[in-house]
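Undergrad: Here is how the chains run, residue by residue.
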Amino acid sequence: MDILHWVAKYPDFFLFLALIVVGYAAGRVAEARHYRSIRRREKQLSSVMVFSNRFPPEPGARHTAALVSGSAVISQDYFKFAVAGLQTLFGGRLRSYEALLDRARREAVLRMKQDARNKAGNMIINVKFETYSIPGRQLGAVEILAYGTALIPLYASGGQG
Amino acid sequence: MLITNIEVIPGRKIVKHLGLVQGSTVRAKHVGKDILAGLKNIVGGELKSYTELLNESREQAVERMVKQAEAIGANAILNVRFSTSSITQGAAELFAYGTAVVLE
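In order, the protein sequence lines correspond to chains X and G. Counting from 1, one number per residue, gives the positions in the first sequence under my numbering. Counting from 1001, one number per residue, gives the positions in the second sequence under my numbering.
Among the hints, erroneous ones may be present.
[To be verified] Under the rule of at most 27 Å between Cα atoms (straight-line distance), these lysine-lysine pairs were calculated in the BS3-like manner: (1) G:K1029 <-> X:K119; (2) G:K1067 <-> X:K119; (3) G:K1048 <-> X:K119; (4) G:K1067 <-> G:K1016; (5) X:K43 <-> G:K1048; (6) X:K128 <-> G:K1013; (7) G:K1013 <-> X:K119; (8) G:K1029 <-> G:K1048; (9) X:K128 <-> G:K1048; (10) G:K1067 <-> X:K9.
[To be verified] Short, incomplete list of chain X residues facing chain G, as computed with Cβ under 7 Å: (11) A26; (12) A30; (13) A32; (14) V73; (15) D77; (16) Y78; (17) N122; (18) N126; (19) P135; (20) A141; (21) T149.
Don't read these hints as lab results, they were simulated from the structure. Virtual Cβ for every residue (Gly too), placed ideally from N, Cα, C.
Construct all of the structure, not just a fragment, from the sequences and the given hints.
TA: This is how it looks when you write it as structure tokens:
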């Protein structure tokens, strides 16, 4: 009875509290599940090598090339958003946002690797990253794009060129 | 049409440089989907509708770039770059550019 009275009196505060609790619980579960999935797929795709070099590591080998890319939009949960908001008062390291960007970047790289594997590529060179924060999502959502050139051994692609 | 973001294709010679080609598209989000994404934003995680939107738009930008390259007689685009910028709240421009060349 008492609590209902307070909820009626300060609805904004209790909404904020509810969002924080929901955000914390759901966000934690979702993040743990996402990291498990990332680690599993990173193992599966470990045979596709990724380089940021502009030139292939074995210049003599015969390859054909194709542009591959992967991207992911990941958003921050409400709890972490609130915590990060407090942390910005003091400055320093915002661990919650680091995790967000780490997830987005690893997911983007995985999707790029999958794209390369679908095109029979065995390595990706000249990888570039692009980060774009989605406007209008006040809680923080970020898109990471990873793209590069997949090298496809000529015996795998039927030997044209 | 061969599209890559490296400057030379190993083992293939560039016969002719045709200069810069580009393609761009400006996209905004559907209001209904935007509200759903707003709800998803409370619990965090991937906003799939946004990922799809940006991927589709990027594909279209590449398509337009390819069309331009075909029009000037190129058979490959090298050194392709992407760039994304926000125009207003809820709208983004996706831009792709590269160098059109003729490979032998």
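Undergrad: Are the hints correct? Go through all of them and say.
TA: Quick rundown of the hints versus the structure:
1. For the hint linking K1029 (chain G) to K119 (chain X), the alpha-carbon distance of about 30 Å lies beyond 27 Å, and the restraint is violated.
2. For the hint linking K1067 (chain G) to K119 (chain X), the alpha-carbon distance of about 22 Å falls within 27 Å, and the restraint holds.
3. Proposed proximity of K1048 (chain G) and K119 (chain X) is supported: the alpha carbons are some 23 Å apart, at most 27 Å.
4. Restraint check for K1067 (chain G) and K1016 (chain G): the C-alpha separation of about 18 Å stays at or below 27 Å, so the hint holds.
5. Between K43 (chain X) and K1048 (chain G) the alpha-carbon distance is near 24 Å, which keeps this suggested pair within the 27 Å criterion.
6. At roughly 24 Å between alpha-carbon atoms, K128 (chain X) and K1013 (chain G) fall within 27 Å of each other, so this suggested pair holds.
7. For the hint linking K1013 (chain G) to K119 (chain X), the alpha-carbon distance of about 23 Å falls within 27 Å, and the restraint holds.
8. Straight-line distance between C-alpha atoms of K1029 (chain G) and K1048 (chain G) comes to about 12 Å, which keeps the hinted pair within the 27 Å bound.
9. At most 27 Å may separate the alpha-carbon atoms for a hinted pair to count; K128 (chain X) and K1048 (chain G) meet this at roughly 22 Å.
10. A threshold of 27 Å between alpha carbons decides the hint, and for K1067 (chain G) with K9 (chain X) the separation of about 61 Å lies outside it, so the pair is violated.
11. A distance limit of 7 Å between C-beta atoms decides the matter here; for A26 (chain X) the minimum to chain G is near 4 Å, and the interface restraint holds.
12. With 7 Å as the threshold, the beta carbon of A30 (chain X) comes within range of chain G, its nearest partner Cβ sitting at about 4 Å, so the hint holds.
13. With 7 Å as the threshold, the beta carbon of A32 (chain X) stays out of range of chain G, its nearest partner Cβ sitting at about 11 Å, so the hint is violated.
14. Interface restraint check: V73 (chain X) against chain G, minimum CB-CB distance 4 Å, threshold 7 Å, status holds.
15. With a least beta-carbon distance of about 3 Å to chain G, the hint placing D77 (chain X) at the interface is held under the 7 Å criterion.
16. The beta carbon of Y78 (chain X) is positioned within 7 Å of a beta carbon in chain G (closest approach about 5 Å), and the interface hint is therefore held.
17. Because the beta carbon of N122 (chain X) sits about 14 Å from the nearest beta carbon in chain G, more than 7 Å, this interface hint is broken.
18. Below 7 Å, beta-carbon pairs count as interface contacts, and N126 (chain X) has one with chain G at about 5 Å; its hint therefore holds.
19. Given the 7 Å rule on beta carbons, the hint for P135 (chain X) holds: about 4 Å separates it from the nearest Cβ of chain G.
20. Because the beta carbon of A141 (chain X) sits about 6 Å from the nearest beta carbon in chain G, less than 7 Å, this interface hint is met.
21. Interface restraint check: T149 (chain X) against chain G, minimum CB-CB distance 4 Å, threshold 7 Å, status holds.
Of the numbered hints given earlier, the model fails hints 1, 10, 13 and 17; all others are met.
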